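Using the sequences and the accompanying hints, generate a full structural model.
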Amino acid sequence: MAEAEIASESKGKEQPIKASEIDPKFKYELQKIHGSEKILKCFQCGTCTSDCPVARYSDSYRPRTLIHMAQLGLKDRVLNSDTLWLCAACFTCTDRCPQDVEVASVIRVFRNLATEKGCIPQVFKDQGQSLIETGYAYKIPELRIKKRESQGLPPLPKGNPDSVCKTLKGVKFFERIQKPAGERANGQ
Amino acid sequence: MSASKNQQVREQMGSKYLIFLGCAIPYRVSSFEISSRKVLAKLGVELVEMPEFNCCGLPLDPVSHESMLILAARNLALAEQQGLNILTLCPGCAGTLKKVNQILKEDKTLKEQINSHLKEADLEFKGTIDTKHLLQLLTEDVGLEKIKASVTRPLTELKVAEHNGCHILRPKQYIGFDDPEDPQMLKALIEATGATCLDYIDETECCGAPSVGISDKVALQLARDKLNHIKMVDAQALITICPFCHIMYDTNELRIEKTFNEVYGIPILHYPQLLGLAMGMTPEELAFGELRVSAQKITEQFTQGANKP
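Quick note, the sequences are listed as chains S and P, same order. First residue of the first sequence: 29, per my numbering; consecutive thereafter. First residue of the second sequence: 500, per my numbering; consecutive thereafter.
The set of hints was computed from the structure by calculation and includes no laboratory data. What you are looking at is a predicted structure, and each value in this text was computed from that prediction instead of being measured. All C-beta atoms in this analysis are idealised placements derived from N, C-alpha and C, irrespective of residue type, glycine included. One or more of the hints may lead you astray.
Cut-off 35 Å, straight-line C-alpha distance, at most; resulting in silico cross-link-like pairs (DSBU-like, lysine-lysine) [to be verified]:
1. K645/P - K604/P
2. K716/P - K69/S
3. K200/S - K604/P
4. K730/P - K610/P
5. K610/P - K153/S
A few chain S residues facing chain P, derived, Cβ under 8 Å [claimed, not checked]:
6. Y56
7. Y164
8. K186
Structure below.
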């Protein structure tokens, strides 16, 4: 699909929907994935969006809209949306949803599906790479580790990245974070 | 495991915890770790370092949910080998480990699936331990009475505001030890030091930290709102219990002031720094020197006459 077409969610919304881009099975796929099982219970009340701290300051991030788009089968528009990555995972929507949709988990499922397609912001690639190399999500500088003694702190337990990688080799984790650059979703 | 053996294990666990540092604290928030260890030692909580732990999994949940489950389960399996409950300082780690522990205990099929991955590293999740965050440990295990009794220098002149942050409160289904709409635990812990904890608008709102790197604009706006609300009630400091919230406010306060042409000058303290002051410890002992926003204005009034290290 054309890059320009999906450059931002707001632009995407202005484009008329073509019948060919509708995937009527998408919502049933989502019902089978842990976290988005209850997506069809959403009746579009808008509690999630109105309580969302990010929606207050973002021009485009609207959890209700994303869920509606998914219910309608607009799979590519949802998964290619940059705004998907704005959710701060504060779980306010999850706690307040009157239909118990677990909105934040649905957004997480969208993100997982987007990374499968290669849409993943750089920050997650960096954290994944660090995990593989050190066992931690950040590369903790040597200086920091050495400084601990003078701060009266015990040594930082040594990570075991080999063991961590062994546990992850069966879930296509490495492929997702090591996809070559060039895909979209590099943040706003 | 028999009931009597369960009891025995529980007694052994007592006030001894495996400390799970997570990634953010050793990476850049050592003041939180230093002050927590000092305060816990004084309260008789024994900490054992957790060997070979890895990232709790939360940061990688957006990439792959199954990977997150495996990463969290690996940590839980390591802790089970030690026969100790986990204590975390980071609410993100606490929330993730709690949630995954509960999910895997309830869902046998998923547990088997995750264990098949752990087996590659000769590990197994059994579901025999629990995770607590510092806030929960202080409230439930140590108790407010013991904390009040440890205070030698009540901070009665001080008026502060609290910021719980999201992951210590939500989602309620998995965390649920405090009321996410009207949290009381941190307030009670603050008042135990003698300080006054002020109410303000939108206390339970997100700090914005998770949006840094995706949209700094949104993140800074959220932190700015918080600082504005705290300034409105004349709080002398903001008290946090999360490394990410602390970074968001302390490290970014100057940037927010410049970006939006505001003046705050509000110091951001980790709760154990506040408690440590009330226990008579010096700002130096509690790593106040690592704070970006100086807390000198408030420490001066409580440390005159205190022993310098």
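Evaluated hints:
1. K645/P - K604/P: 33 Å, holds
2. K716/P - K69/S: Cα-Cα ~33 Å, so holds.
3. K200/S - K604/P: 25 Å, holds
4. K730/P - K610/P: 48 Å, violated
5. K610/P - K153/S: 27 Å, holds
6. Y56: It is violated, given that the least Cβ distance between Y56/S and chain P is near 19 Å, above 8 Å.
7. Y164: Holds - the Cβ of Y164/S comes within 8 Å of chain P, reaching about 4 Å at its closest.
8. K186: 7 Å, holds
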